[in-house]
Amino acid sequence: MKLTLDIWRQKGASDAGRFETYTVEANEHMSFLEMLDVLNQELIGSGKEPVAFDSDCREGICGMCGFVVNGVPHGPVDNTTICQTHMRHFHDGERLRLEPWRAAAFPVLKDLVVDRSAFDRIIQAGGFISVRTGSAVDSNAMLVEKNKSDRAMTNAACIGCGACVASCPNAAAALFTGAKIAHLGLLPQGQPERTDRALNMVAQMGKEGFGHCTTIGECEANCPAHIKLEAIAQMNGDFLRAVFAKREESAGGGAG
Amino acid sequence: MSVATKTVTAPPSFSRVGVLWASTVGKKALMALTGILLSLFVLGHLLGNLQLYFGRDSTGAYLINKYAEFLHHNKPLLYGTRTVLLVAVLIHVIAAFQLQLGKGAARPVEYHQKESVNSTVSSRYMFWTGVVIFFFVIYHLLQLTLGVVNVPGFREGDVFHNVTVGLRTGVAPLFYVVGMIGLGLHLRHGLYSTFQSLGAGNPAVSQWALKWAAVVATVIALVNLSFPLAVLAGLVKG
Amino acid sequence: MSLNSRIPSGPLDQKWSTAKKEMKLVNPANKRKHTVIVVGTGLAGASASASLGEMGYNVLSFAFQDSPRRAHSIAAQGGINAAKNYQNDGDSVYRLFYDTIKGGDFRAREANVYRLAEISANIIDQCTAQGVPFAREYGGTLANRSFGGAQVSRTFYARGQTGQQLLLGAYSALSKQIAVGTVKQFSRTEMLELIVVDGRARGIVTRDLVSGKIQSHLADAVVLATGGYGNAFYLSTNAKGSNATAAWRAHRKGAFFANPCYTQIHPTCIPKSGDYQSKLTLMSESLRNDGRIWVPKKKGDTRSPDQIPEAERDYYLERVYPSYGNLAPRDVSSRQAKYRCDEGLGVGPSGLGVYLDFSEAIGRLGQKVIAERYGNLFDMYEKITGENPYQVPMRIYPAVHYAMGGLWVDYELMSNLPGLFVLGEANFSDHGANRLGASALMQGLGDGYFVAPYTVSNYLAQGGRVKVDAGAAAVKDAEKEATGRAEKLLAVKGKRTVDSFHRELGNVMWENVGMARSAESLNKALKRIPEIRDEFWKNVSVPGTGAELNQELEKAGRVADFLEFAELLAWDALQRNESCGGHFRVEYQTPDGEALRNDADYAYVAAWEWKGEGKRQELNKEPLVFENIHLATRSYK
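Residue numbers (numbering that gives the first Met the number 0), protein chains in the order written: chain A, 0 to 255; chain B, 0 to 237; chain C, 0 to 636.
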């Protein structure tokens, strides 16, 4: 199959960027990224610079790949990363437009590669349970309702690819942040830090320059990890409870 | 012992409203709360207006005029309600504007091509249906509260007259039809989203909210639309 | 040179406590004065960084990906073993130890493996406390499954995404330390050189993959947790970026490389579909719990699988290994699949595939139960192949998966270069010649959470290091080496792409150094690899410059190192005149085609020492002493 690709080319963060058009011969068994590999081999062969795009595991779990194909993050297959999208979903002669994630918080580094370190900083703000190495009690000393544990797992499955931000008309990171807050908030281990977690992660989300959630649901439809809007509601609820929670000044740790 | 004692915590003291206002999540919650108030007002307003269809009582007075007189009778209640509504509108509108600005800042470079996969018109154009409602409300107040536009021979206190004359004068029908479609769309997503913004996102609740928000919004829009249509059709006349 | 493995004396079950008791400690107030570099943020790296940071050391953490959360540990599917005996099915620390030694075909160090089995239970507790959502029973306790041929259910799992959940747990602990300031994270930063001063590892040289800036980082100890070398075969289940550069650069600076020929070929991967193939995808081994593996009995049978009657199918694993059947260990299952395909019985367009059939299990348990157990794997298979495995059998074929070999380390996970620690898949220590399913996650986290924090401290507490100046000759030389290599790669300006060389190397490796090796095939590889390498340096085309984000340059550096490393792998395979685990030499097999070990001559770790450019590495032997286990022939019949 022959495809025409309009690909966003941008040399670096300060370059304005533009679309350039390429044609490539693909076959239906290739993955989308393998099709780009083929294109890049040809570009190098003809002395041109290959298209930069991120990928690593190429099995849909590391979250490194991702760009927008014809206006849809990760391309046309629902809930599937672009690395797991195969060319059999396209047809001969099709014209495809490839754009990077677009968000102020995800600056373009080159071509289709963006900087998603804002996600790392949101996790650093509170996406963890503090437990010193070696200080944990026996796992079965703490029973967790299966239903809750399963829901926690559903939210923990987020791969951090950024498609939620990319698909959101407001470039909101609510689904990403909500998934982590929901995962930890559903577990008994996550309760002691639940209040601080919601306040800090939501605050960091704002600092990074993400937009607001309007419950449109584009993120949910594009999420390769099947995270649901429920996660955002959980974040909203935890945040509101945290704001109005009764907070007592602690006496401070003893200096010992 | 002081190994890694810096703990990661939120600023301990704050004005709670300030924290709410500072975050998109908090602003959305305030919009949801004020939205509930305004929706209740819309509902009450609609129920009161239904009396337009019930004509006169045994004394010959139009029921809707008596209802209006009753509302205006208790001045503290009237102005109290108006103040609450005004504050709610201000919070709702200012928050909406700020969030809309933030949205622009969050994506300074637009996509050259972007498709919607899942969202509805109602959900995508909340801000703009809000703008429609805003201008409609101003028009509505100018027309039927202050009698400044499009009510030839405006009579203070004679709601029945003002409505039956006003709703068929000049651009009024257009304003009402567009305004009510805007209101319907706004409510359809707003009522559903309210649950989400306030943290009630259990899938069962969401599904329920999604369904009933659509029903309630449609009913409100249709009933409100029936007033100008009934007047235009001559079904209600003085 | 004699290798000191520093295994504590005393009974096996007391070695680790003895070691801990004797270790020196660093004064709490002094910890932040010590800088530790950790390269890699997979299970081993992230857990080590988090733990060392939490202890108060000043940690510098490096990842070539855009975030620590991307490390390839994330792709592990099946689970993590631990000797918890929650199922009351007779498991114990000793049994996990024994299974691991036996699974490794008696080529691992007893003391290391025993320690791993001992700390396995702590790993589960640590992860649970961090919020890792392991599968649970209705009573709220943790669930287990049996995995990879074990006779007990000791595998903990989180759907088919156990590696992801464990890694995100370690990443969350790391993130907390980054927020606290004890760990400084360098993402999109690749290690290109090791800095050695006075015989000790004292730092690394890195390239910032966005700006291209080459920079040195100095420290009191360097921890490499940089994964395995499977991508020397080009096609493997590893991530595209997985590479051996950090380990290889350390090797060239004096660290011994141990047992490189031990490479695990995983039996259940999706077969290659064409020349453009960029990687192979693993289908979790857990599928073999319910799937039955077969090929047609007739050569060239082109009927669709549902048209082939039961009597004309060969369920060869069940036939050859009646007691383990479809659950035979990875090396054994892979080799059997290869035999069938070599006999011309393979299925699929390429003839390189066997069926993994669920129809019997679906008939017995219903589609719903199968979907609950393997739904995400079935979905993944369908996404890649376009075939629905609920209706047609999966086609699978073995693929390179895991590197048991790695940098040589002693009991404290320190290489022969003082101050250089090697954790996880990057070291050689725990899996012998073959790794059991669900043991890689256990080892990575065990090394990072529970071994390195002790042993790195012990090293730091012993002092003896001079202060290194950023302008010291060793530092400047290492920087020059890194810069020089990049410049050299860019200057070739040849005709062939980096990928074409990598593919060619991969083909040579797979054909000659893959599932079955012979002196003849290995000699062929040893002739071809240097030829490819020579052509690479004369004819590779690396576009762009070094001062920008340049993915071709990144690949070129890694492939250049694979081209050196692959030769050592083949050489090691040629020197090991026996078959064991993942290393199968056709000359050394039993009459019925099983691996034939030679314990008298080869019960040692082959630790290779770099002797300089263009020279063969020198073999150093660490004898494997089995005090507790009787060496037996592995049998899964």
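It should be emphasised that the hints constitute simulated quantities derived from the structure, not laboratory data. Each residue gets a CB set at the ideal place from its N, CA and C atoms; glycine is no exception. Treat the hints with caution; some may be incorrect.
As the list claims (entries may be wrong) - Pairs of lysine to any residue residues, derived as SDA-like cross-links and limited to a Cα-Cα distance of at most 20 Å, are as follows:
hint : chain 1 : residue 1 : chain 2 : residue 2
1    : C       : Lys487    : A       : Ser134
2    : C       : Lys271    : A       : Met86
3    : A       : Lys10     : B       : Glu109
4    : B       : Lys113    : A       : Asp137
5    : A       : Lys206    : B       : Leu100
6    : C       : Lys271    : A       : Asn26
7    : A       : Lys47     : C       : Gly493
8    : A       : Lys206    : B       : Lys102
9    : A       : Lys206    : B       : Gly43
10   : A       : Lys206    : B       : Ala21
11   : B       : Lys65     : B       : Leu100
12   : C       : Lys492    : A       : Glu48
13   : A       : Lys47     : C       : Gly545
14   : A       : Lys145    : C       : Gly545
15   : C       : Lys494    : A       : Gly11
16   : C       : Lys83     : A       : Asp137
17   : C       : Lys83     : A       : Ser134
18   : B       : Lys113    : A       : Val37
19   : B       : Lys113    : A       : Arg17
20   : B       : Lys113    : A       : Ala103
21   : C       : Lys620    : C       : Asn3
22   : C       : Lys271    : A       : Val37
23   : C       : Lys367    : A       : Asp149
Stated by the list, open to error - A short, non-exhaustive set of chain C residues, derived as facing chain A with CB atoms under 10 Å:
hint : residue
24   : Arg68
25   : Lys278
26   : Asn619
27   : Leu623
28   : Asn627
As the list claims (entries may be wrong) - Ranges of calculated distance between the beta carbons of each label pair, as one might list FRET restraints:
hint : chain 1 : residue 1 : chain 2 : residue 2 : range
29   : C       : Asp197    : A       : Arg131    : 54 to 62 Å
30   : B       : Asn201    : A       : Ala244    : 18 to 26 Å
31   : A       : His88     : B       : Leu89     : 43 to 51 Å
32   : C       : Asp88     : A       : Ala140    : 19 to 27 Å
33   : A       : Ala244    : B       : Arg55     : 34 to 42 Å
34   : A       : Gln190    : C       : Lys20     : 30 to 38 Å
35   : C       : Tyr93     : A       : Met0      : 56 to 64 Å
36   : B       : Gly47     : A       : Leu142    : 52 to 60 Å
37   : A       : Ser13     : C       : Lys492    : 46 to 54 Å
38   : C       : Lys492    : A       : Asp149    : 51 to 59 Å
To see whether the hints hold, each was checked on the structure:
no.: 1; hint: Lys487(C) x Ser134(A); verdict: 50 Å, violated
no.: 2; hint: Lys271(C) x Met86(A); verdict: 16 Å, holds
no.: 3; hint: Lys10(A) x Glu109(B); verdict: 18 Å, holds
no.: 4; hint: Lys113(B) x Asp137(A); verdict: 50 Å, violated
no.: 5; hint: Lys206(A) x Leu100(B); verdict: 15 Å, holds
no.: 6; hint: Lys271(C) x Asn26(A); verdict: 14 Å, holds
no.: 7; hint: Lys47(A) x Gly493(C); verdict: 13 Å, holds
no.: 8; hint: Lys206(A) x Lys102(B); verdict: 14 Å, holds
no.: 9; hint: Lys206(A) x Gly43(B); verdict: 40 Å, violated
no.: 10; hint: Lys206(A) x Ala21(B); verdict: 10 Å, holds
no.: 11; hint: Lys65(B) x Leu100(B); verdict: 45 Å, violated
no.: 12; hint: Lys492(C) x Glu48(A); verdict: 13 Å, holds
no.: 13; hint: Lys47(A) x Gly545(C); verdict: 16 Å, holds
no.: 14; hint: Lys145(A) x Gly545(C); verdict: 52 Å, violated
no.: 15; hint: Lys494(C) x Gly11(A); verdict: 26 Å, violated
no.: 16; hint: Lys83(C) x Asp137(A); verdict: 10 Å, holds
no.: 17; hint: Lys83(C) x Ser134(A); verdict: 17 Å, holds
no.: 18; hint: Lys113(B) x Val37(A); verdict: 26 Å, violated
no.: 19; hint: Lys113(B) x Arg17(A); verdict: 16 Å, holds
no.: 20; hint: Lys113(B) x Ala103(A); verdict: 17 Å, holds
no.: 21; hint: Lys620(C) x Asn3(C); verdict: 11 Å, holds
no.: 22; hint: Lys271(C) x Val37(A); verdict: 16 Å, holds
no.: 23; hint: Lys367(C) x Asp149(A); verdict: 17 Å, holds
no.: 24; hint: Arg68; verdict: 6 Å, holds
no.: 25; hint: Lys278; verdict: 5 Å, holds
no.: 26; hint: Asn619; verdict: 34 Å, violated
no.: 27; hint: Leu623; verdict: 30 Å, violated
no.: 28; hint: Asn627; verdict: 26 Å, violated
no.: 29; hint: Asp197(C) x Arg131(A): 54 to 62 Å; verdict: 34 Å, violated
no.: 30; hint: Asn201(B) x Ala244(A): 18 to 26 Å; verdict: 21 Å, holds
no.: 31; hint: His88(A) x Leu89(B): 43 to 51 Å; verdict: 49 Å, holds
no.: 32; hint: Asp88(C) x Ala140(A): 19 to 27 Å; verdict: 21 Å, holds
no.: 33; hint: Ala244(A) x Arg55(B): 34 to 42 Å; verdict: 56 Å, violated
no.: 34; hint: Gln190(A) x Lys20(C): 30 to 38 Å; verdict: 37 Å, holds
no.: 35; hint: Tyr93(C) x Met0(A): 56 to 64 Å; verdict: 58 Å, holds
no.: 36; hint: Gly47(B) x Leu142(A): 52 to 60 Å; verdict: 55 Å, holds
no.: 37; hint: Ser13(A) x Lys492(C): 46 to 54 Å; verdict: 27 Å, violated
no.: 38; hint: Lys492(C) x Asp149(A): 51 to 59 Å; verdict: 56 Å, holds
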